[in-house]
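> Respectively, the protein sequence lines represent chains A and B.
FYI, in the numbering used here the residues of the first sequence are 1 to 495.
FYI, in the numbering used here the residues of the second sequence are 1 to 254.
Check before you lean on any hint, since a few could be wrong.
As the list claims (entries may be wrong) - Below are the DSS-like pairs computed for lysine-lysine, each with C-alpha atoms no more than 27 Å apart in a straight line:
#1 A:Lys468 to B:Lys118
#2 A:Lys294 to A:Lys381
#3 B:Lys165 to B:Lys226
#4 B:Lys100 to A:Lys484
#5 A:Lys484 to B:Lys112
#6 A:Lys439 to B:Lys118
#7 B:Lys100 to A:Lys439
By construction, these hints were calculated from the structure, which means they are not laboratory data.
Each chain, letter by letter, is given below.
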Amino acid sequence: MEEIKTNGLQEKDEISEDMQLLNDVTKNEYKWGFITDIESDTAPKGLNEEIVRFISLKKGEPEWMTEWRLKAFRHWQTMEEPKWPNVKYPKIDFQDIIYYSAPKKKPQLDSLDEVDPELLKTFEKLGIPLEEQKILSGVAVDAVFDSVSVATTFKETLKEKGVIFSSVSEALKDHPELVKKYLGSVVPYTDNYYAALNAAVFSDGSFVYIPKGVRCPMELSTYFRINNEETGQFERTLIIAEEGSYVSYLEGCTAPIRDTNQLHAAVVELVILENAEIKYSTVQNWYPGNSEGKGGIYNFVTKRAACRGNHSKVSWTQVETGSAVTWKYPSCILQGDYSVGEFYSVAVTNNYQQADTGTKMIHLGKNTSSTIISKGISAGKSNNSYRGLVKVGKKADNARNFTQCDSMLMGDKCGAHTFPYIEIENDTAKVEHEATTSKVGEDQIFYLNQRGISTEDAVNMIVNGFCKEVFNELPMEFAVEAQKLLAISLESSVG
Amino acid sequence: MLVIKNLKANVEGKEILKGINLEIKAGEVHAIMGPNGSGKSTLANVLAGHGGYEVTDGEIYFEGKELVELAPEDRAREGIFLAFQYPIEIPGISNATFLKTALNEVRKYNGKPEATPKEFMELLREKSGVLGMDPQFISRSVNVGFSGGEKKRNEILQMLMLQPKLALLDETDSGLDIDALKIVSSGVNVFKNNDNAVLLVTHYQRLLDYIVPDYVHVLSKGRIIKSGGKELALELEEKGYDWIKNDELIEENV
Numbered sequence: 001m002e003e004i005k006t007n008g009l010q011e012k013d014e015i016s017e018d019m020q021l022l023n024d025v026t027k028n029e030y031k032w033g034f035i036t037d038i039e040s041d042t043a044p045k046g047l048n049e050e051i052v053r054f055i056s057l058k059k060g061e062p063e064w065m066t067e068w069r070l071k072a073f074r075h076w077q078t079m080e081e082p083k084w085p086n087v088k089y090p091k092i093d094f095q096d097i098i099y100y101s102a103p104k105k106k107p108q109l110d111s112l113d114e115v116d117p118e119l120l121k122t123f124e125k126l127g128i129p130l131e132e133q134k135i136l137s138g139v140a141v142d143a144v145f146d147s148v149s150v151a152t153t154f155k156e157t158l159k160e161k162g163v164i165f166s167s168v169s170e171a172l173k174d175h176p177e178l179v180k181k182y183l184g185s186v187v188p189y190t191d192n193y194y195a196a197l198n199a200a201v202f203s204d205g206s207f208v209y210i211p212k213g214v215r216c217p218m219e220l221s222t223y224f225r226i227n228n229e230e231t232g233q234f235e236r237t238l239i240i241a242e243e244g245s246y247v248s249y250l251e252g253c254t255a256p257i258r259d260t261n262q263l264h265a266a267v268v269e270l271v272i273l274e275n276a277e278i279k280y281s282t283v284q285n286w287y288p289g290n291s292e293g294k295g296g297i298y299n300f301v302t303k304r305a306a307c308r309g310n311h312s313k314v315s316w317t318q319v320e321t322g323s324a325v326t327w328k329y330p331s332c333i334l335q336g337d338y339s340v341g342e343f344y345s346v347a348v349t350n351n352y353q354q355a356d357t358g359t360k361m362i363h364l365g366k367n368t369s370s371t372i373i374s375k376g377i378s379a380g381k382s383n384n385s386y387r388g389l390v391k392v393g394k395k396a397d398n399a400r401n402f403t404q405c406d407s408m409l410m411g412d413k414c415g416a417h418t419f420p421y422i423e424i425e426n427d428t429a430k431v432e433h434e435a436t437t438s439k440v441g442e443d444q445i446f447y448l449n450q451r452g453i454s455t456e457d458a459v460n461m462i463v464n465g466f467c468k469e470v471f472n473e474l475p476m477e478f479a480v481e482a483q484k485l486l487a488i489s490l491e492s493s494v495g
Numbered sequence: 001m002l003v004i005k006n007l008k009a010n011v012e013g014k015e016i017l018k019g020i021n022l023e024i025k026a027g028e029v030h031a032i033m034g035p036n037g038s039g040k041s042t043l044a045n046v047l048a049g050h051g052g053y054e055v056t057d058g059e060i061y062f063e064g065k066e067l068v069e070l071a072p073e074d075r076a077r078e079g080i081f082l083a084f085q086y087p088i089e090i091p092g093i094s095n096a097t098f099l100k101t102a103l104n105e106v107r108k109y110n111g112k113p114e115a116t117p118k119e120f121m122e123l124l125r126e127k128s129g130v131l132g133m134d135p136q137f138i139s140r141s142v143n144v145g146f147s148g149g150e151k152k153r154n155e156i157l158q159m160l161m162l163q164p165k166l167a168l169l170d171e172t173d174s175g176l177d178i179d180a181l182k183i184v185s186s187g188v189n190v191f192k193n194n195d196n197a198v199l200l201v202t203h204y205q206r207l208l209d210y211i212v213p214d215y216v217h218v219l220s221k222g223r224i225i226k227s228g229g230k231e232l233a234l235e236l237e238e239k240g241y242d243w244i245k246n247d248e249l250i251e252e253n254v
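Based on the sequences and whatever the hints tell you, model everything.
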């Protein structure tokens with residue numbers, strides 16, 4: 001358990017004007033920060049068994065589901081908030097949060113015509129086209145507004161292939177047997193504090209089922225939006241890839257600017273059977289708080305993939321620029337022989353943002369392999385930590401892991417930390433770990449300046465180059481969006 | 001094209017340039033020679049606008065425009081090009097992206113339309129041909145994993161692509177074997193015409209066998225202590241820098 005710690009402070013003397021510019025934190029606007037004026041159906045603040053029952057009742061859930069939630073809630077009450085992450089934030093008052101908020105005009109999920117026009121406008125503003133005829137890119141979208149899934153597009157096309165893409169609430173009605181079989185099977189409610197909380201109060205999320213041998217004909221995308229003040233968002237995503245199937249799934253998130261911190265505690269479960277593959281990409285841009293560190297989302301998320309079948313594969317690709325505090329470790333349980341887990345991550349922190357993120361690769365099957373590429377960029381007064389576990393079990397003969405953790409510092413007031421954990425119980429394992437820390441060099445900036453490129457563009461270029469291995473893993477359109485997002489997130493740090 | 005008047009500059013508070021006077025006209029090639037630490041590279045970097053160098057006195061005019069307050073990217077866009085002594089690596093950014101961005105920035109600034117991908121590729125093919133560069137290099141990251149010679153050639157390629165008015169070559173010959181030196185020199189000779197100018201900064205005379213200067217200036221302790229024609233370089237080669245330094249001492253003592 002080593003800690004490699006780097007702090008820009010030591011090199012303070014070498015900072016000249018360009019670097020000074022890097023330190024000047026201006027007030028870049030979070031352009032997704034608007035609030036939608038919409039009537040909501042909201043539960044009273046606070047959390048108790050009654051609220052849990054209320055949520056379950058509102059969603060018309062079967063009895064077993066209500067019971068499961070209650071068990072989770074009771075378990076949660078016995079647990080303590082985790083203290084080990086390298087982040088600091090004031091104690092959360094869980095009784096001061098609204099656990100259920102839904103747009104009042106409950107839309108008919110079959111037809112977009114019935115969706116509240118205000119909602120459609122919101123998603124349009126966010127650049128998420130919901131009207132199917134407008135979608136040229138062939139991406140099916142599920143939009144989750146506060147607690148409820150408001151619209152899922154391209155349902156019919158997907159149905160022909162037997163692909164189920166719906167909200168979890170709908171899935172509970174239409175395919176209860178599938179939900180019952182897999183929900184909580186990868187992330188049980190006993191897993192951790194936030195997973196237990198999520199299980200008790202989760203309001204919605206996306207459900208995907210890819211039948212045997214089907215290659216999903218389009219990319220599936222869920223767009224999450226927190227709107228209501230004081231609302232926590234607890235969505236739950238469940239994706240099942242049957243034997244020999246494939247799906248690429250994208251998720252994006254934004255929230256309005258609020259002075260207060262909002263909690264987002266999601267759970268994502270992926271089940272991958274023999275010869276199947278899931279590619280899961282995230283561009284996370286929750287409101288990060290302002291330049292003084294006020295407001296912003298607490299993003300405490302449990303994401304886990306179970307590669308149950310032989311030759312199954314999962315890739316997590318994430319670009320994280322948002323949230324005030326992030327606590328997130330998308331993991332892979334490599335149970336099937338020859339199963340493959342990949343984790344590609346760019347985490348950007350600026351101003352007072354804090355991120356403690358990484359992955360877990362649990363090798364259980366034989367000949368399993370995993371790759372971890374993590375790029376952390378710290379600017380302003382932020383703190384960026386990589387925390388990763390590579391575990392090789394007794395029976396996991398010939399397991400392979402390659403880990404590369406690169407950190408980039410912009411300015412002299414930010415921090416980058418790496419916490420790699422390696423636990424090996426099998427002699428045949430081969431595990432490699434590489435880590436680098438660099439500063440955006442004055443020399444690099446001057447070199448680009450000298451070729452006619454402005455300092456801001458130069459920094460973007462350098463940062464994009466640094467993240468290239470991860471961007472290469474993103475679907476084309478998402479990669480473009482991610483690059484733009486990075487530029488906006490770091491705008492402030494270039495003076 | 002370039003007029004430098006009584007230029008003084010500091011690095012980390014220490015005065016390196018102690019009053020440089022120099023004029024370069026279009027069509028000319030000037031060579032600045034001098035021993036290590038005389039301020040040759042400082043002069044090149046000050047002209048390019050490196051933030052680590054502070055101009056404390058004097059004036060620099062480029063095409064009639066005062067340079068000192070101009071940002072380095074604007075100097076580049078105005079037509080000043082510095083071929084770096086130690087070219088910088090930019091991991092993850094391909095030479096193609098880098099060159100194209102630079103070319104279009106310069107074009108935009110000068111009111112010209114951006115290069116189409118076809119124009120760009122044709123220009124690139126032509127210019128890299130001059131330098132005998134493997135076209136594969138274009139997809140590699142800027143200077144990453146390049147040998148010393150490849151890096152220098154890449155600098156010259158950038159110069160040929162951007163077509164600056166004034167090219168400052170900072171010890172472009174250092175670390176080159178004779179074949180690479182010939183290729184790099186031929187690149188400079190292809191570049192040279194009556195409308196542009198070249199300022200070579202070099203320690204050794206051998207570069208001047210391939211790029212013939214119109215003027216040679218000897219820099220010592222932050223001042224130009226002697227100027228002459230190309231024969232001055234040969235004289236220096238023969239007698240060494242001590243000859244000039246002694247000369248200077250005598251002059252100062254008289």
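> Give a verdict on every hint.
Results of checking the hints against the structure:
Our distance criterion of 27 Å between C-alpha atoms is met by A:Lys468 and B:Lys118, whose separation comes to about 25 Å. Only pairs whose Cα atoms come within 27 Å are accepted, and A:Lys294 paired with A:Lys381 is accepted, the gap being roughly 13 Å. The hinted pair formed by B:Lys165 and B:Lys226 meets the criterion: a straight-line CA distance of about 26 Å does not exceed 27 Å. A C-alpha spacing of about 19 Å is found between B:Lys100 and A:Lys484, which places the hinted pair at or below 27 Å, so the restraint holds.
For a cut-off of 27 Å, the pair hint linking A:Lys484 to B:Lys112 stands: about 26 Å separates their Cα positions. As the CA atoms of A:Lys439 and B:Lys118 are separated by approximately 36 Å, the hinted pair breaks the 27 Å bound. For the hint linking B:Lys100 to A:Lys439, the alpha-carbon distance of about 25 Å falls within 27 Å, and the restraint holds.
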